Each structure stands twice: as structure tokens, then as C-alpha cells.
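Enquirer: Sequence:
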Amino acid sequence: MATDWVGSVVSIDCGATLGVYQGEVSSVDRVSQTISLKHPYHNGVKCPVPEVTFSAMDIKDLKFLDIQNKVNKTSAGKDTATEPSYISTGRHGQTNKTNHSLAISNSSGLSSNPRKAILSLCFPLSPGSSNSRGTTQSTPRRSNVRNGGAGGQRSKNDECFGDGTDENLDTDFDFEGNLALFDKAAVFSQIDGASSNSNKLQHHNTQAEQKTQSYRHDENILEVKPVTYRQITVPQHGGKEYCTDTGLVVPTVPYELHKQLLAAAERWGLSLERRLEAVGVCSSQMALTLLGGPNRLTPKNVHQRPTVVLLCGPHVQGAQGISCGRHLANHEVEVILFLPNFVKMQESVTSEVNLFSKTSGKQVSSVKDLPMSPVDLVINCLDCHENPLLKEQSWYQSVADWANKNRAPVLSIDPPVSEQPQSVDAKWTLSLGLPLPLADKDSRVYLCDIGLPKMVYQEVGINYHSPFGCKFVIPLHSV
Numbered sequence: 001m002a003t004d005w006v007g008s009v010v011s012i013d014c015g016a017t018l019g020v021y022q023g024e025v026s027s028v029d030r031v032s033q034t035i036s037l038k039h040p041y042h043n044g045v046k047c048p049v050p051e052v053t054f055s056a057m058d059i060k061d062l063k064f065l066d067i068q069n070k071v072n073k074t075s076a077g078k079d080t081a082t083e084p085s086y087i088s089t090g091r092h093g094q095t096n097k098t099n100h101s102l103a104i105s106n107s108s109g110l111s112s113n114p115r116k117a118i119l120s121l122c123f124p125l126s127p128g129s130s131n132s133r134g135t136t137q138s139t140p141r142r143s144n145v146r147n148g149g150a151g152g153q154r155s156k157n158d159e160c161f162g163d164g165t166d167e168n169l170d171t172d173f174d175f176e177g178n179l180a181l182f183d184k185a186a187v188f189s190q191i192d193g194a195s196s197n198s199n200k201l202q203h204h205n206t207q208a209e210q211k212t213q214s215y216r217h218d219e220n221i222l223e224v225k226p227v228t229y230r231q232i233t234v235p236q237h238g239g240k241e242y243c244t245d246t247g248l249v250v251p252t253v254p255y256e257l258h259k260q261l262l263a264a265a266e267r268w269g270l271s272l273e274r275r276l277e278a279v280g281v282c283s284s285q286m287a288l289t290l291l292g293g294p295n296r297l298t299p300k301n302v303h304q305r306p307t308v309v310l311l312c313g314p315h316v317q318g319a320q321g322i323s324c325g326r327h328l329a330n331h332e333v334e335v336i337l338f339l340p341n342f343v344k345m346q347e348s349v350t351s352e353v354n355l356f357s358k359t360s361g362k363q364v365s366s367v368k369d370l371p372m373s374p375v376d377l378v379i380n381c382l383d384c385h386e387n388p389l390l391k392e393q394s395w396y397q398s399v400a401d402w403a404n405k406n407r408a409p410v411l412s413i414d415p416p417v418s419e420q421p422q423s424v425d426a427k428w429t430l431s432l433g434l435p436l437p438l439a440d441k442d443s444r445v446y447l448c449d450i451g452l453p454k455m456v457y458q459e460v461g462i463n464y465h466s467p468f469g470c471k472f473v474i475p476l477h478s479v
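Numbering of the sequence shown is given in the UniProt record's numbering, commencing with residue 1 and proceeding in unit increments.
Read the hints as simulated data drawn from the structure, not as lab findings. Given the structure is predicted, the values throughout are model-derived calculations rather than measurements. Treat the hints loosely; a few may be bogus.
What the hints assert, rightly or not - Heads up, simulated SDA-like pairs for lysine to any residue below, C-alpha to C-alpha not over 20 Å straight-line:
1) Lys362 with Lys427
2) Lys427 with Ser478
3) Lys454 with Pro314
4) Lys405 with Lys454
5) Lys362 with His385
Stated by the list, open to error - Restraint-style ranges between C-beta atoms, simulated for each label pair:
6) Lys405 with Lys441: 18 to 24 Å
7) Gly292 with Thr246: 23 to 29 Å
8) Asn341 with Arg274: 36 to 42 Å
9) Ser365 with Gly469: 23 to 29 Å
Glycine is no exception: its CB is placed at the ideal position from the N, C-alpha and C atoms.
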């Protein structure tokens with residue numbers, strides 16, 4: 001019966017390792033359990049050998065692509081042969097009922113399925129088995145179970161779970177071998193060679209060279225003009241220079257040039273009252289930062305409000321300090337203003353005192369009324385540019401002694417130029433517009449923007465470019 005299938009076109013699946021073969025059945029050997037195909041194709045490619053033989057252990061699945069039905073009918077004294085017919089698997093169920101497959105099914109006692117029939121012819125199984133990939137060793141195991149052999153329970157387990165193990169699982173996948181099959185250099189060379197535009201290739205190489213360069217997080221990758229750090233030039237130099245955090249050079253100016261600058265600003269409409277307001281805002285902002293800023297001034301910390309003592313004289317510098325105190329009091333800071341009693345004061349001082357009296361701040365005129373315990377900050381505005389003789393007065397000396405003994409940090413606003421050291425040791429010094437050549441000391445110098453236009457600087461011969469950037473108060477460092 002096995003020879004009846006010779007000439008049929010079949011597809012044999014031998015698993016992932018051997019692949020799929022197609023060809024015409026040339027021979028079937030039931031004894032050795034082999035099947036041979038002539039004119040074979042392996043995975044769609046014609047094989048170089050004319051014939052391939054498969055063992056039952058290698059076949060995972062078998063499909064009929066074309067069945068050549070040759071049945072020889074022998075009658076009494078007459079031999080008649082039917083014409084060959086080709087049956088596809090799509091009409092397989094209808095044809096098996098009427099033609100040669102029915103004869104095979106009747107003779108072999110198996111299903112009418114041609115695939116099962118040819119497998120049963122090549123690789124016989126015991127009755128009742130439906131495994132088309134079974135082996136001859138399965139028959140004794142099953143007979144042992146039925147006969148009640150010694151290993152009956154174990155044979156049942158082997159029959160259920162031990163059959164059909166994929167041997168390919170024991171073989172590791174060769175990643176290096178598969179990667180070696182892909183030649184990246186050759187593929188990219190083909191891509192580059194297929195490109196007709198050579199400019200694109202040059203642009204790609206240029207970008208690759210640029211990517212090799214590394215930049216800092218604060219470095220600009222665009223080409224810019226060289227930075228000029230000396231952007232402020234003055235006609236009269238004060239003899240000392242400072243630099244900002246960004247490296248810009250800020251020269252000092254003598255007091256006479258600074259006085260001319262303020263006078264030019266007043267002629268253009270920047271009056272003394274407006275300048276006092278600008279100085280008060282900037283100095284109070286710096287003082288709030290020194291007091292702790294948002295970490296200190298919060299609604300949850302109202303029981304620990306900072307205390308600031310303002311030491312002001314009866315002059316413009318004192319009026320600047322009073323303006324600063326008014327802004328501090330508006331920000332819920334306890335402010336104590338010291339201002340000596342004078343029969344006649346400047347109008348700017350009187351105006352600032354009237355505004356300060358509308359706040360919650362406290363004003364005193366005697367040193368005895370100042371707190372004896374250390375405060376959070378002392379702001380010194382006792383000194384004057386025009387009248388250096390104030391230092392010889394008794395009230396001045398007593399207030400300076402109190403400030404030095406209080407052990408509180410001192411902020412000095414617009415101190416005058418003097419060869420002698422200041423009466424009150426200041427930790428911070430705030431200059432206005434452009435710094436003055438102050439004496440060398442441990443005080444940290446800050447610069448305040450009072451809103452002078454650029455044309456005002458040019459009027460007095462100063463080539464000016466703002467060094468403040470996005471701030472109104474910046475630190476200065478000695479060069």
C-alpha cells in the first residue's frame with residue numbers, strides 16, 4: 001500500500017532546525033521507517049541533490065500538496081487500471097469517500113485522512129494511538145501499562161508527559177553567529193553609494209565631527225562676538241576697580257564726579273525724592289534678604305519678627321535710611337529709628353519722617369531708648385559726605401559706641417570717602433550708581449541701581465553699560 005503514494009507531491013515539516021521540504025514521493029520504506037523525495041525543495045529553494053530521505057524521528061508534520069491516485073484493480077483474469085487523478089487538500093474530504101483513500105482506509109483500519117494514512121504506512125503505531133510522530137518504542141510502553149507491568153504508573157507518566165520533547169531547546173541560540181551575518185559596514189556603504197547627492201554626505205560627516213565636541217551646560221554653542229568686560233569707562237578714575245559675578249569691570253569714581261552725576265540726573269527730572277524712593281526700595285530689599293528672606297518672613301513665623309535698628313543723621317544720607325526703614329516696616333519688620341533732635345532739618349528728612357510716622361515703626365532720639373539686647377540688623381546712615389565734623393559730636397559718638405557693642409551685623413548705606421576708618425564697623429556696604437573709592441576693609445561692597453538713564457552718564461563723560469543684568473543690587477569684588 002505504501003507504493004500507492006509514490007508520485008504524490010508532499011510538504012514535510014522537520015522543525016526549526018531542518019526546515020520544510022517539498023517534493024515528489026519516490027519511495028516509502030515501512031521497515032526502516034523512511035520516506036524519500038525526489039526533486040526536493042528546501043524552504044522554497046531547490047536542493048542540489050536529486051533525492052532526500054527522511055526518518056520518522058525527523059518528521060514533525062506532513063501535508064499533501066497533490067495526490068496522484070494510481071489504483072490497480074485485478075479482476076478474474078483481467079487487469080484494468082484507472083486513469084490517474086490529482087486531488088488537492090481542499091477537496092480532500094469529498095474525494096476520500098469515493099476513491100483510493102477509501103480503499104486505504106478500509107484496508108488499514110485507519111482514518112480516511114491521506115496524511116495519517118501515509119504516516120501509518122511508514123511509521124506504524126499501536127491501535128488507538130493518534131500521534132502521527134510516534135515511534136516504535138511507544139508500543140512496548142503502552143503494552144506494559146495494559147499488562148500491569150512493574151513500572152505501570154511511571155510508564156503512564158512517560159506516555160503522557162515524556163513524548164514530543166523539543167530537542168532544539170537544549171541548543172543555545174548563537175547570537176554572535178547571527179550578528180556576523182549582518183555586515184553593517186557593507187550595508188552603510190551601499191546606502192552611501194546609492195546617494196546621488198554628495199553634499200548630503202559631506203554634511204553628515206561635518207555633523208559627526210561637530211558631535212565629538214563637548215560643551216558645558218553654561219556654554220553657548222553659537223559663535224558670538226568676543227565679550228568685552230570693561231564696558232564702563234570714566235573720565236576721572238577713583239583709583240580702584242571692582243568686578244561683578246559675571247566678570248564685568250566696574251571702576252570707582254571720585255566724589256566730585258559722583259556729585260555731578262546726581263546733579264545732572266536732577267536736571268533731567270530725577271529729583272531727590274525719586275532718588276530717595278529708589279534707594280529705599282533697593283536697600284530694603286537687600287536688608288530683607290540679609291534677614292532671611294522667605295525663610296524668616298512667613299505667616300507662620302509672626303512670633304519671631306526680625307528687629308532692625310536704623311541709625312540716621314539729619315542729612316540726605318539719613319533720609320535714605322528713613323526711606324529704607326519705611327519699606328521694612330511695610331514688610332512686617334520691627335523697625336526702631338534713631339534720629340537726633342535738631343531744631344531745623346532738611347526738607348527731605350522731614351518728609352521721610354512724616355511718612356515713617358504712618359507705619360508701625362518706632363522713633364527714638366536718645367541712645368538710652370535703644371535696645372540693650374542684640375538685634376537682627378543695624379543700618380548705619382550716620383555719616384555725611386558734606387559735613388565730616390558730625391563725628392565729633394557727643395550724640396554721634398554715643399550711638400557709634402552702642403552699635404559696636406550690640407554685636408549685631410551692620411549694613412552701611414552710601415558711606416562717605418574717608419582715609420580714616422569708619423566709626424561703625426560695617427559688614428556690608430551699599431554704594432549708589434557707581435562705587436566710591438572706599439578705604440580697604442573687611443566690608444563686602446554692593447552696588448545699587450538708582451535708575452539713572454544712560455544719557456545722564458554720558459552727559460558727565462561716562463561711557464556706561466549697565467552691569468546689573470536682571471537684578472537691582474549686585475555684589476562687587478575687589479580686583
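Enquirer: Next, verify each hint and record whether it holds.
Expert: We went through each hint and held it up to the structure:
1. Lys362 with Lys427: 24 Å, violated
2. Lys427 with Ser478: 15 Å, holds
3. Lys454 with Pro314: Judged against 20 Å, a Cα distance of about 31 Å means the pair is violated.
4. Lys405 with Lys454: 43 Å, violated
5. Lys362 with His385: With Cα atoms ~27 Å apart, Lys362 and His385 exceed 20 Å; violated.
6. Lys405 with Lys441: 18 to 24 Å: 19 Å, holds
7. Gly292 with Thr246: 23 to 29 Å: 26 Å, holds
8. Asn341 with Arg274: 36 to 42 Å: Cβ of Asn341 to Cβ of Arg274: about 28 Å, so the range 36 to 42 Å is violated.
9. Ser365 with Gly469: 23 to 29 Å: 41 Å, violated
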